[in-house]
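Protein chains in written order, with the working numbering: chain A, 308 to 729; chain B, 308 to 729; chain C, 308 to 729; chain D, 308 to 729.
Mixed in with the good hints there might be a few duds.
Chain copies aren't distinguished; within one or between two, either way the pair holds.
Within a straight-line C-alpha distance of at most 35 Å, the following computed DSBU-like cross-link-like pairs (lysine-lysine) qualify [said to hold, decoys possible]:
#1 Lys-415 to Lys-438
#2 Lys-593 to Lys-415
#3 Lys-593 to Lys-509
#4 Lys-436 to Lys-593
#5 Lys-633 to Lys-415
Hints were generated in silico from the structure; no laboratory data involved.
Number of protein chains: 4
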Amino acid sequence: MTITPPALSVFETLESEVRSYCRGWPAVFDRAQGARLTDEDGHSYLDFFAGAGSLNYGHNNPVLKRALIDYIERDGITHGLDMATTAKRAFLETFQNVILRPRDLPYKVMFPGPTGTNAVESALKLARKVKGRESVVSFTNAFHGMSLGSLAVTGNAFKRAGAGIPLVHGTPMPFDNYFDGQVPDFLWFERLLEDQGSGLNKPAAVIVETVQGEGGINVARAEWLRALQSLCHRQDMLLIVDDIQMGCGRTGAFFSFEEAGITPDIVTLSKSISGYGMPMALCLFKPELDIWEPGEHNGTFRGNNPAFVTAAAALDAYWADGQMEKQTVARGEQVEQGLLAICDENPASGGHFRGRGLVWGLEFPDPARASAVCARAFELGLLLETSGPRSEVVKLLPPLTITPDELDEGLRTLARCVRETA
Amino acid sequence: MTITPPALSVFETLESEVRSYCRGWPAVFDRAQGARLTDEDGHSYLDFFAGAGSLNYGHNNPVLKRALIDYIERDGITHGLDMATTAKRAFLETFQNVILRPRDLPYKVMFPGPTGTNAVESALKLARKVKGRESVVSFTNAFHGMSLGSLAVTGNAFKRAGAGIPLVHGTPMPFDNYFDGQVPDFLWFERLLEDQGSGLNKPAAVIVETVQGEGGINVARAEWLRALQSLCHRQDMLLIVDDIQMGCGRTGAFFSFEEAGITPDIVTLSKSISGYGMPMALCLFKPELDIWEPGEHNGTFRGNNPAFVTAAAALDAYWADGQMEKQTVARGEQVEQGLLAICDENPASGGHFRGRGLVWGLEFPDPARASAVCARAFELGLLLETSGPRSEVVKLLPPLTITPDELDEGLRTLARCVRETA
Amino acid sequence: MTITPPALSVFETLESEVRSYCRGWPAVFDRAQGARLTDEDGHSYLDFFAGAGSLNYGHNNPVLKRALIDYIERDGITHGLDMATTAKRAFLETFQNVILRPRDLPYKVMFPGPTGTNAVESALKLARKVKGRESVVSFTNAFHGMSLGSLAVTGNAFKRAGAGIPLVHGTPMPFDNYFDGQVPDFLWFERLLEDQGSGLNKPAAVIVETVQGEGGINVARAEWLRALQSLCHRQDMLLIVDDIQMGCGRTGAFFSFEEAGITPDIVTLSKSISGYGMPMALCLFKPELDIWEPGEHNGTFRGNNPAFVTAAAALDAYWADGQMEKQTVARGEQVEQGLLAICDENPASGGHFRGRGLVWGLEFPDPARASAVCARAFELGLLLETSGPRSEVVKLLPPLTITPDELDEGLRTLARCVRETA
Amino acid sequence: MTITPPALSVFETLESEVRSYCRGWPAVFDRAQGARLTDEDGHSYLDFFAGAGSLNYGHNNPVLKRALIDYIERDGITHGLDMATTAKRAFLETFQNVILRPRDLPYKVMFPGPTGTNAVESALKLARKVKGRESVVSFTNAFHGMSLGSLAVTGNAFKRAGAGIPLVHGTPMPFDNYFDGQVPDFLWFERLLEDQGSGLNKPAAVIVETVQGEGGINVARAEWLRALQSLCHRQDMLLIVDDIQMGCGRTGAFFSFEEAGITPDIVTLSKSISGYGMPMALCLFKPELDIWEPGEHNGTFRGNNPAFVTAAAALDAYWADGQMEKQTVARGEQVEQGLLAICDENPASGGHFRGRGLVWGLEFPDPARASAVCARAFELGLLLETSGPRSEVVKLLPPLTITPDELDEGLRTLARCVRETA
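Given the sequences, and given the hints that come with them, work out the whole structure.
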C-alpha cells in the first residue's frame with residue numbers, strides 16, 4: 308500500500324517563508340461576521356485577536372458593510388490620491404465633529420499613506436523637521452512598524468536585525484514600570500537631558516504607546532504619561548503618541564491617552580480607523596507644527612475612499628455618544644474577572660495579567676506555556692496570539708463589539724487551555 | 308456693501324498643508340467610471356493620470372466591481388493579516404497560472420504590506436540580508452517611496468530633505484541616457500566596482516525602474532537593462548526592478564522588464580496589482596533568496612482580501628491571453644502620433660516626447676509651460692500631471708482600458724492646451 | 308593725548324579662534340623644569356595641570372632629557388613609520404620587562420599613531436572587527452577624543468556638536484555613582500542587554516575610564532569596575548579601558564585598573580607614556596584579539612622614535628620598583644588633607660572633593676566660582692584648570708614628581724583662591 | 308644534530324600583526340643622516356621613501372638638529388597644549404612671513420593635533436559646521452587618514468573595511484584622468500549637483516589631493532584643479548586641499564596647489580611641516596571660515612613645541628627664497644630622465660611613469676612585478692615602496708635635499724631591479 312502525501316498548498320509552495328500567523332492557525336479562512344470566522348471546512352472560530360486590533364467593530368460589521376456596498380454600487384471614487392472627494396470631506400467633517408471638537412483637540416489631519424508605519428514615518432519626519440534634530444527617544448519593547456524609520460524606534464531585536472543596516476538615531480528609555488518600581492520614573496532620561504556631558508543626542512521627539520501591544524501588554528500609568536508630557540515640554544521635545552493599536556476605543560476612550568488628560572503634539576492612528584479592516588491611517592498634529600510643504604510626503608494609497616466611507620460610518624455609529632466607551636469598560640471588567648479566576652485556579656502556572664479596556668495580557672514565566680495555550684485554543688476554536696519579547700504573554704484583543712456571552716465563551720475556553728497545558 | 312468671503316472648506320481648515328494634487332485640481336470629486344471622473348457639480352473629467360498608475364483598468368471597472376461586491380456581500384474575510392484565506396489562495400493560484408508560469412518566472416511571492424514603499428522596504432531588507440552588505444545603488448531621478456529606506460534610494464532633493472536625517476547607504480548612478488550618449492553605459496559604475504581604491508561601498512543590490520515615472524518618463528533601453536543585469540551578475544549584486552508604476556501592463560507586457568528579456572532577482576509590484584485602486588503590494592524574488600525567518604517582516608494590512616479578489620479577477624479578465632498587451636501597444640502608437648503632431652505643430656515650444664506602452668512624457672524646456680498646460684487642461688476637463696525633477700514633463704498615464712475615442716479626445720485637448728499656453 | 312592700543316599678538320591675529328587654554332592663561336611661556344614654568348617676563352608658575360596629564364614626570368625631566376639629547380646627537384632614527392628600530396626594540400623590551408611581565412599582562416602592543424584619539428580609534432576598530440557589531444557603549448561624561456570615532460563615544464554636547472554630523476553607533480550608560488546610589492549598578496545596562504525587546508543594538512564593546520578626568524574627576528569604585536568586567540564577559544562584549552589620562556601612574560599603579568584587579572581586553576595609553584610630553588600612544592590587547600591584517604590601520608607618525616627613547620628611560624627610572632606608586636599614594640594623601648582643610652574652612656562654598664592618586668577635583672555648586680578660582684590662581688602663579696560638564700570642578704593634576712613642598716605651596720595658593728572668591 | 312631556530316624578535320612576539328613596513332624591510336634601523344639610514348649590522352640604505360614624505364629635508368638635518376638640541380638644552384617648553392609659547396610665536400611669525408605673506412594667502416592657522424588625520428578631521432568638521440551639511444565629496448583612490456572621519460573619504464576598500472561600521476556621508480567622484488580622457492572633466496559631478504533629482508546629498512565640501520600619493524601617484528592637471536575650484540565656487544561647496552603629503556615643497560612650490568593658481572578654502576599640512584620628522588600638523592583656512600568656538604576641537608599634543616622649533620628653522624633655512632623650489636624641479640627632471648631610460652630599456656615590462664617635483668610613480672601592469680622590484684631594491688640597499696589600489700606602482704619619494712649623485716645612484720639601482728625582475 309502506498310501513502311500519497313497530501314499535496315502542498317500554494318501557501319507552502321508559492322508564498323514566502325516570511326508568513327507567520329498562518330503557521331499557528333493552520334486553516335483556510337473563508338468568511339467572518341462579528342467576532343467569528345469560518346474556515347473552508349465550516350469550522351467556526353471565536354476571534355480574540357481582531358486583526359491585531361484592526362477590527363474593533365468586528366468582522367464585516369453590517370452598518371459599515373451597508374455604507375460600503377452603497378458607495379461601491381454608486382461608483383464613488385475608489386482611489387483618490389490626495390484629491391478632494393465627497394467621501395473624504397464626509398470623513399473629515401465627521402472626524403472633526405464626532406472626535407476632535409468634543410475633546411477640544413485642535414489637530415490638523417494628514418493622510419500619510421494607508422498603514423501604521425506610513426503614519427509613524429510621517430510623524431518622525433515632521434518632528435525632525437520641526438525641531439531640526441535627528442534623534443528620537445522610544446521605549447523598551449516599543450513597536451512602531453517595519454519600514455526603516457519606524458523600525459529604528461522599535462525594540463524587538465529580531466525585527467531590528469531584519470533591517471540589514473545598523474539602526475541609528477533612536478535611543479530606548481525604560482517604559483513605565485520597567486524596573487518594578489525600583490527606580491523613580493524618568494530618573495535616567497531626565498538626567499541625560501539635563502547633563503550637558505551625558506552623550507545623549509538631544510531628541511527631537513519622544514514616541515510612546517500608552518499600552519504596548521506587541522511589547523507584551525505593558526500598561527503605562529496615567530501619571531507616568533503626564534510626567535512624560537511634562538518632561539517633553541520642559542525639554543523642548545515633541546510628544547508623539549502612537550495610538551495605532553490602542554486608539555479607536557481599544558482602551559475605552561477613543562484615544563487611549565484621554566484617560567491621562569494629556570494632549571500629545573502628534574498622534575498616529577491606523578488599524579481600526581477605517582472600521583472595516585481596510586488600510587487607512589492618519590497622522591494628527593497641533594496646527595503650529597503643520598510646516599509641511601505641499602507634497603513633501605506623499606504616497607499612492609493615501610486616498611482609499613471606501614475606507615473613508617466606513618470610517619465615517621463607524622464614527623457616526625459608535626462615537627456620537629459615550630456608549631461605546633462605557634461598554635468597553637464593562638467588557639474589560641468582565642475580562643479582568645475571567646483572568647483573575649484563571650490565575651486563582653492555576654496558581655502553579657505563575658501567570659499574572661494586566662490590561663486596560665479590551666486589551667489584556669496573561670503572562671507566563673515560561674514562554675512555551677503561552678505558546679501551548681494558544682495552540683490548544685486554536686484546536687478549540689479560539690484565536691489567540693502571544694506577544695512580548697519572548698512571546699511569553701497571551702494577548703486578549705477581542706472586537707469591542709463582542710457580546711458578553713461570546714466573551715464569556717472565550718474566557719472559558721482560555722481557562723480550559725491553561726488547565727490543559729499545566 | 309460687504310463681501311462675504313466664501314467659507315473655507317474642511318480641506319483647507321482641517322487637512323494638513325502637505326496635500327498636493329487637490330491644489331492643482333480644485334474640485335471635489337464624487338464618482339468615477341472607466342476613464343472619467345465626475346465632480347460634485349456634475350463636471351466630467353477625462354483621466355490621463357489614472358491614480359498615478361493605480362487604475363490601469365479604469366475607475367470602478369465593472370468586472371472587478373461585481374466580484375468585489377459579491378465578496379463583501381457574502382462576508383468574505385476582509386482583513387486577514389497573513390492568514391491563509393480562500394481569497395488569498397485564489398489570488399496566488401491565479402497569479403501563478405496567469406502570470407508567473409507562462410513567463411517561466413520562478414518567483415516566491417511575499418505580501419509586504421499594501422503600499423509600494425512597503426514592497427521596496429522589504430526588497431531592500433532582503434537584499435541586505437542575503438548579501439550581508441548595507442549599500443544599495445539607485446539611479447538619478449529614481450522614485451521608490453517615502454519611508455526612510457525607500458527615500459534613501461529616491462532622487463528628488465525636496466522629498467529627501469523631508470527625511471530630517473541624512474539619508475545614507477545609497478549611491479546614485481546615471482540612468483540610461485543621462486549623458487545623451489556622451490558616455491559609455493555603466494562606465495563609471497563598473498570602474499568604481501572594479502577599482503579597489505574607488506571608495507564605493509560594495510552594494511548589496513541595484514534598484515531600478517525600467518521607465519522612471521516620477522523622474523520624468525525616462526525610458527531605459529532594453530540593451531541597457533540587459534547590460535545592467537549582466538553587471539549585477541558579474542559583480543555579485545542583486546538586481547531589483549521596482550515595477551510598482553510600470554508593471555501590471557503599463558508598458559505593454561505584464562512586467563515592464565519582459566521586453567528586455569531579463570529576470571530580476573527581486574521585483575516589487577503595487578499600484579494596479581489590485582486592479583481596483585485598493586491598497587495592495589507584492590514583493591517577488593527568486594526562491595533561493597527566500598531566507599526570511601517567519602515574521603521577520605510583517606504589517607497589519609498585508610491581507611487586504613477584497614484587493615486579492617479584484618486582483619485575481621483582473622488577472623483572469625485581462626491577462627489570460629495576449630490581448631491586453633497588444634491593445635496597449637496599439638494605444639501607445641496612437642499617443643505617439645498625437646504627441647508627434649503636437650510637437651510638429653508647436654516647434655517653438657521646444658517640446659519633445661518619449662514613452663513606452665501607455666506611459667508618455669511631453670517635456671518643455673520651461674517648467675512653467677508644463678504647469679500651465681496642466682492647469683489649462685483641468686479647465687478643459689482633462690486631468691494631467693507633471694513629473695521630472697523640475698516638474699517640466701507633462702505625463703500621460705491614461706487607463707489601459709481607455710477607448711481610442713477617449714484617447715483621441717484627450718490628445719486633442721492636450722494639443723489645444725499646448726497651443727493656448729504658447 | 309592719544310592712547311596707542313597694544314599691538315595684537317600673532318596669536319590673536321593669525322591663530323584660529325579655536326584656541327582655548329591660552330585664553331585663561333594669558334602669558335607667553337618660555338621655559339619649564341619639573342613642576343614650574345617660566346614666562347617671557349620671567350614670572351614663574353607652579354603647574355597643577357601637567358599638560359593635561361602628559362607630564363607625569365615633570366617638565367623636561369633631566370633623566371629623560373639626557374637620553375633624548377644623546378639620541379638626537381648620535382643621529383638615531385627620528386621618524387620610523389612602523390619600521391623596526393633600535394629605539395623601538397628597546398622600548399618594547401623595557402615595556403615588556405618593566406610593565407607587562409611583572410603584572411602578568413599578556414598584551415600585544417600596537418602603535419596606532421601618536422595621539423590618544425588614534426589609540427581610541429584603533430581600539431574601536433579592532434573591537435568592531437572582532438565582534439562583527441557596530442555599537443559601542445560609553446559612559447556619561449566620558450571623554451575619548453576629537454576624531455569622529457572617538458567623539459561618538461564622548462559625552463560633552465558642545466564637543467559632539469562640533470562633528471557636524473549626527474554621531475551614532477554609541478550609547479551612553481550611567482557611570483559609577485551617577486545616581487548617588489539611588490539605583491543598583493548596571494541595572495539599566497544589564498536589563499537592556501537581557502531584554503530581547505529593549506531596542507539596544509548589541510554592543511561590540513564597552514569603553515570606560517576608571518577616573519573621568521575631563522568629565523569632572525569622577526572616580527569609579529573598584530567593585531563597579533569588576534562588575535563591569537563581569538557583565539562584559541557574560542554578555543560577550545569587549546572591555547576597553549581608556550587609560551590615556553589615568554594610566555602611567557596617575558592614580559598610583561602604572562595602570563589605573565590594577566587596583567580593581569581587572570584585565571581589560573583592550574587598553575589605550577598615551578599622554579605620559581613618552582614621559583617627556585612628546586606625542587606617543589599605544590593600544591594594548593589580548594593576543595587572541597590580534598586579528599589585524601598588516602597595514603589595516605596605519606599612520607605616518609607611529610614611529611616617533613625620540614619618544615620611544617624617553618619612554619623607555621622613564622619606565623627604567625620610575626617603574627623598575629614600587630617606589631613611584633608609593634610616592635604617588637603619599638602625595639595623594641597630602642592633597643586630600645589639603646582639600647579637606649579647604650572645604651572645612653569654606654563650608655559656605657558648598658565645595659566637595661574627590662580623587663585618587665594624584666588626580667583630584669574640587670567641585671563647586673556654581674561653575675562661576677570654579678572659574679574664578681582658576682583665574683585667581685593664575686594671578687598668583689598657579690596653573691589650574693576646570694573640568695566637568697559645566698566646568699564646575701577645579702582639577703588638580705600636578706606632576707607625580709612634584710615635591711611635598713611644592714604641593715604644599717600649591718594647596719596653600721588654592722586655599723587662598725577659594726577664600727578670595729567667596 | 309638539533310637545529311636551534313633563531314629566537315623570534317620582540318617585534319614578532321610582542322608587536323601587533325598590524326605592522327607592515329617592517330615586513331618588507333626586514334632590518335633593524337639604528338641611525339640616519341640625510342638620505343641614508345644605517346641598520347644595526349652596519350648596512351647602509353639609500354632612502355627613496357623619506358618617511359612617506361615626512362622627511363623632505365632628510366633625516367636628522369643638521370640645521371634643524373642644532374636648533375632642536377639648543378631648545379631642549381635650555382629647557383624650552385616641550386609640551387604646551389595650546390598655550391602661547393615663545394616657540395609657537397616664532398613658528399607662527401615665520402610661517403606668516405616666509406610662507407603666507409609672500410604668496411598672498413590670507414589663512415588663519417589652526418593646530419588640530421599633531422597628525423595628518425587630526426588635520427583632516429578638523430577640516431571636515433569645520434566645513435560641515437560652516438555649510439550646515441553632512442556630505443563631503445572625495446575622489447577615487449584618495450587617501451586622507453585612518454580615523455573614522457578621514458577614513459570615510461578615503462578610497463581604499465581594505466582600509467575602509469577596517470572601520471567595522473558602514474562609512475557614510477562621503478561620495479567618491481572620478482579623479483583627474485580616471486577615464487583616460489574619455490569623459491569630460493566633472494561631467495558626472497556637475498550633472499549630479501545641478502539635477503534636483505539626482506539623489507546626491509548636497510556636499511558641504513570637496514576634499515582633494517593635487518597628487519594622490521597612496522592612490523598611485525595620480526597627478527591632477529592644473530586646469531582640472533582650476534575647474535574644480537570653479538565648480539566649488541558655483542555650487543557653494545568648500546574646497547579642501549589635503550596637502551599633507553604633497554605640501555612642504557614635495558612638488559616644487561611650498562604648496563602643491565600654487566602651480567594651478569588656486570586658493571583652497573581649507574588646507575591641511577602635516578608630514579614634513581616640522582621638518583625633522585616630528586609629529587605636527589596644521590589646518591589653514593580663510594579667515595571668514597574661522598567660526599570655531601574656543602575649545603570646540605582640541606587635543607593633547609597640539610603644542611609639540613620642539614616641532615615648532617624645527618619647523619621654523621626649516622622654513623627659514625629653505626623657504627626664504629626660491630632656491631628650494633628650483634632645485635626640486637631640477638631634481639625632478641633628473642628622475643624623469645632616469646625613469647624614461649628605464650622604460651625605454653624595458654619595453655616588455657609595460658611600465659609607464661608619472662610624477663611632479665620629487666614624487667614619481669613607475670607603474671607595472673602586474674602588481675607582483677612592482678613588489679619584486681621593491682624587494683630586490685631592499686637587498687641592494689635602496690628603500691622603495693609601492694602604492695596604488697593594487698600596489699602596482701613603485702613610488703619614488705626621496706628627500707628634497709638628496710644630492711644629484713645620490714639620486715643617480717638610486718635610479719641606477721632601480722634600473723637594475725627592473726632588469727633583474729624581468
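Outcome of the hint check:
| no. | hint | in the structure |
| --- | --- | --- |
| 1 | Lys-415 to Lys-438 | both (18 Å within a copy, 34 Å between copies) |
| 2 | Lys-593 to Lys-415 | within (6 Å within a copy, 44 Å between copies) |
| 3 | Lys-593 to Lys-509 | both (22 Å within a copy, 31 Å between copies) |
| 4 | Lys-436 to Lys-593 | both (14 Å within a copy, 32 Å between copies) |
| 5 | Lys-633 to Lys-415 | within (28 Å within a copy, 47 Å between copies) |
Every hint from the earlier list agrees with this structure, and none is contradicted.
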